[in-house]
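Hey, can you work out the whole structure from these sequences and the hints?
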Amino acid sequence: MLEIKDLHVEVEGEPILRGINLEVSPGEVHAIMGPNGSGKSTLSYILSGKEDYDITQGTITYKGKDLLDMAVDERAAAGVFLAFQYPIEIPGVAAMTFLKTALNAQRATRGEEELSTPDFMKLVREKTKELNIRQEMLRRSINVGFSGGEKKRFEILQMALLEPSLCILDETDSGLDIDALQIVAEGVNRLRDPKRSMIVITHYQRLLNHIIPDKVHVLSHGKIARSGGKELALELEQNGYAEYENNTADAA
Amino acid sequence: MNVQISSTLTAAEKSLVDHFDKISADLPGSGQAWIDDVRTRAIQSFENSGLPHRRLESWKYTDLRGILREMPAPAQNSQAPVLLEQDGVDAHTAFSSVDRHLGVFVNGFYRPELSSLEDIEGVEIIKLRENFDDLPDWVQEKLCNSKVYENNAILALNTAFAADGAALRINRGSKIDKPIHLAFVVTGKEACAINTRNLIIVEEGAEATVIETYVGPPDVAYVVNTALELCVAEDAVFNRIKVQDEGHDAVHLANLIVSLAGNSKCHDLTLSVGARTSRNEGQVDFTGENVEVTISGASMLRGKQQGDTTLCVTHGLPSSNSRQEFKTVLDDHARGIFQGCVIVKPDAQHTDGRQMTQALLLSPDAEMDAKPELEIYADDVECAHGATAGDLDEDYLFYLRARGIPEDQAKALLVAAFVAAPIEEVQDEGIREALFQLTNSWFDRRNSEA
Ligand SMILES: Nc1ncnc2c1ncn2[C@@H]1O[C@H](COP(=O)(O)OP(=O)(O)O)[C@@H](O)[C@H]1O
Ligand SMILES: [Mg+2]
Numbered sequence: 000m001l002e003i004k005d006l007h008v009e010v011e012g013e014p015i016l017r018g019i020n021l022e023v024s025p026g027e028v029h030a031i032m033g034p035n036g037s038g039k040s041t042l043s044y045i046l047s048g049k050e051d052y053d054i055t056q057g058t059i060t061y062k063g064k065d066l067l068d069m070a071v072d073e074r075a076a077a078g079v080f081l082a083f084q085y086p087i088e089i090p091g092v093a094a095m096t097f098l099k100t101a102l103n104a105q106r107a108t109r110g111e112e113e114l115s116t117p118d119f120m121k122l123v124r125e126k127t128k129e130l131n132i133r134q135e136m137l138r139r140s141i142n143v144g145f146s147g148g149e150k151k152r153f154e155i156l157q158m159a160l161l162e163p164s165l166c167i168l169d170e171t172d173s174g175l176d177i178d179a180l181q182i183v184a185e186g187v188n189r190l191r192d193p194k195r196s197m198i199v200i201t202h203y204q205r206l207l208n209h210i211i212p213d214k215v216h217v218l219s220h221g222k223i224a225r226s227g228g229k230e231l232a233l234e235l236e237q238n239g240y241a242e243y244e245n246n247t248a249d250a251a
Numbered sequence: 000m001n002v003q004i005s006s007t008l009t010a011a012e013k014s015l016v017d018h019f020d021k022i023s024a025d026l027p028g029s030g031q032a033w034i035d036d037v038r039t040r041a042i043q044s045f046e047n048s049g050l051p052h053r054r055l056e057s058w059k060y061t062d063l064r065g066i067l068r069e070m071p072a073p074a075q076n077s078q079a080p081v082l083l084e085q086d087g088v089d090a091h092t093a094f095s096s097v098d099r100h101l102g103v104f105v106n107g108f109y110r111p112e113l114s115s116l117e118d119i120e121g122v123e124i125i126k127l128r129e130n131f132d133d134l135p136d137w138v139q140e141k142l143c144n145s146k147v148y149e150n151n152a153i154l155a156l157n158t159a160f161a162a163d164g165a166a167l168r169i170n171r172g173s174k175i176d177k178p179i180h181l182a183f184v185v186t187g188k189e190a191c192a193i194n195t196r197n198l199i200i201v202e203e204g205a206e207a208t209v210i211e212t213y214v215g216p217p218d219v220a221y222v223v224n225t226a227l228e229l230c231v232a233e234d235a236v237f238n239r240i241k242v243q244d245e246g247h248d249a250v251h252l253a254n255l256i257v258s259l260a261g262n263s264k265c266h267d268l269t270l271s272v273g274a275r276t277s278r279n280e281g282q283v284d285f286t287g288e289n290v291e292v293t294i295s296g297a298s299m300l301r302g303k304q305q306g307d308t309t310l311c312v313t314h315g316l317p318s319s320n321s322r323q324e325f326k327t328v329l330d331d332h333a334r335g336i337f338q339g340c341v342i343v344k345p346d347a348q349h350t351d352g353r354q355m356t357q358a359l360l361l362s363p364d365a366e367m368d369a370k371p372e373l374e375i376y377a378d379d380v381e382c383a384h385g386a387t388a389g390d391l392d393e394d395y396l397f398y399l400r401a402r403g404i405p406e407d408q409a410k411a412l413l414v415a416a417f418v419a420a421p422i423e424e425v426q427d428e429g430i431r432e433a434l435f436q437l438t439n440s441w442f443d444r445r446n447s448e449a
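Protein sequence lines correspond, in order, to chains A and B. When we follow numbering that gives the first Met the number 0, the leftmost residue of the first sequence carries the number 0, and every step to the right adds one. When we follow numbering that gives the first Met the number 0, the leftmost residue of the second sequence carries the number 0, and every step to the right adds one.
Be aware that a few hints might be false.
[As the list claims (entries may be wrong)] Partial chain B-side listing against chain A, Cβ under 10 Å, derived:
#, residue
1, Phe397
2, Tyr398
3, Ala401
4, Arg402
5, Gly403
Just so you know, the hints here were simulated from the structure itself, not pulled from any lab data. Just so you know, even glycine gets a beta-carbon here, dropped at the ideal spot from N, CA and C.
Okay, here's the thing in structure tokens:
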């Protein structure tokens with residue numbers, strides 16, 4: 000599904016990622032944990048194609064293709080989805096219009112027919128119900144006037160509608176109370192599929208009680224400092240990131 | 000009529016005076032002393048001033064004297080058949096699905112066979128040309144008022160040349176069932192000058208919505224000069240929607256003169272997407288208290304288009320609210336101009352005057368000149384103004400593209416979103432949809448029109 004090899008990324012000459020290696024197979028769920036500022040969001044942006052970063056070294060292969068060669072919208076149409084850590088507000092673009100445009104744009108890119116309005120509405124009703132989202136919310140502009148939890152649930156709604164092959168969730172748990180966390184985790188678990196991979200980025204272990212990962216990686220100073228099974232998350236919960244934060248040897 | 004031609008006039012100015020000499024005898028009502036007098040004084044006033052030029056403060060950015068090198072002859076009243084429904088979306092077709100009363104003017108002349116303005120309950124409609132020999136007092140009185148074109152050469156020209164137009168009186172207490180759409184259509188391959196004069200009187204407690212649309216051929220250098228005098232009486236509610244979608248070689252000059260009585264409400268929105276050069280000038284005055292007025296607009300310009308909005312709202316009496324809200328989208332080498340003024344006179348305590356102009360620049364060669372002004376002479380007032388200009392937000396674009404929306408489609412969505420706010424405030428859903436149809440398709444239309 001995804002293979003990252005020796006990925007180095009800089010911003011304005013400042014190295015942020017310093018040689019990431021990661022392989023995610025179809026159906027796997029990988030958790031990436033790590034202290035603030037270790038480069039988790041940067042990695043997610045690089046995967047989804049955000050500009051303003053210099054990729055100085057390394058390759059990313061997605062479904063056998065060079066991911067770095069693809070435009071942002073091409074990646075999305077090919078099944079890459081990033082649930083943003085901080086979903087932005089876009090005044091004037093109605094959430095519903097946005098969902099329909101995105102879904103039909105992806106279908107068009109894949110050579111599929113447009114979804115009719117009744118079929119689309121039916122699909123939206125079904126998914127919003129599962130995620131406990133009020134239909135009324137979708138008449139508003141994207142994320143405008145949404146609470147923190149609503150923003151995160153709206154990200155998951157987009158993911159559920161677009162049915163990507165590679166889901167990247169960047170701190171989707173942050174700012175959620177326990178009930179909202181439950182709803183979001185259920186939404187994510189419903190999407191678990193032998194053909195779909197997930198990268199779950201989180202600072203805390205608690206999300207991983209709900210979304211059980213196959214592998215856990217610790218990102219520190221732009222490198223994967225350790226990898227292990229789901230028990231690694233529990234260990235981090237107990238010991239904290241002190242060990243990784245103080246590890247300045249790599250930073251030199 | 001003999002008019003002295005002064006030697007300092009430009010070629011275009013001279014031809015305007017010449018044209019007047021040639022056609023004034025054919026103008027409707029010619030031979031009646033009062034209108035001959037009104038027109039002669041107007042052309043003389045124009046002759047003294049000439050076309051507005053950049054040394055005049057309010058024409059600093061639109062040097063009309065430099066822009067209008069040649070002046071085409073006034074349009075003839077040909078009754079040739081016209082095809083109103085064009086291919087693609089334009090301001091005329093966008094409203095065709097709105098349930099409305101329709102009055103069509105072709106090259107400035109009313110065309111009854113294309114119109115459906117007869118017998119609208121609660122409205123008197125006078126077509127100026129048809130009725131000039133027997134104009135009611137309420138129309139004549141307004142046409143005689145030379146005060147409105149003092150210091151306004153464009154309005155003076157309009158007064159001298161106007162060959163037709165509509166005068167509407169919404170009767171006291173009447174709530175008009177459907178919007179009234181005045182459609183100004185230019186046809187033909189010959190450049191011509193079109194002057195129309197309109198008048199709307201909304202009597203006490205009446206309510207009405209009027210749509211004005213302007214369309215024309217893409218590559219004919221015609222010149223439209225249109226004026227609307229609007230008087231809204233006590234407790235009346237009036238909405239106006241104007242869409243300027245002239246051909247891209249045209250010049251569109253418009254004047255709006257508004258007078259609002261106590262407790263009236265007036266909402267005005269202008270969408271400007273057409274013309275090579277356009278100027279929408281407006282002046283709003285109050286004759287009573289507790290008025291609520293919004294003058295708003297969206298301009299979407301590309302290529303070498305230039306669009307100028309110049310507004311002055313004068314609060315002379317207490318306790319009224321005025322809002323000016325303008326959005327401008329500029330691509331290629333387009334240039335947008337907003338000059339908005341709010342004057343609060345010493346007696347106008349408890350005025351709430353707001354003004355906002357925002358521009359979105361899609362190209363490094365586009366230019367926005369915004370000059371918001373507040374002149375406040377009363378102490379207990381709330382006034383605010385602001386002006387912003389910026390590029391398309393890269394983060395917005397990234398968010399949309401990250402969901403698989405191709406770049407151009409994402410830009411089209413964001414451009415339409417940028418101008419959405421003033422359109423959202425239009426009450427009539429059908430009209431709102433027609434406006435959105437125009438703004439939503441603007442970005443995609445760029446290749447066919449640029
Ligand atoms: N666009 C940027 N410009 C400058 N510095 C950046 C930018 N993006 C990230 N960084 C820096 O890179 C480091 C990693 O940031 P980030 O990827 O957001 O970490 P995390 O998500 O793990 O908290 C931080 O030191 C941050 O300040
Ligand atoms: Mg982060």
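Status of the hints after comparison with the structure:
no.	hint	in the structure
1	Phe397	6 Å, holds
2	Tyr398	6 Å, holds
3	Ala401	5 Å, holds
4	Arg402	4 Å, holds
5	Gly403	4 Å, holds
Every hint, counting from the list given before, is met by this structure.
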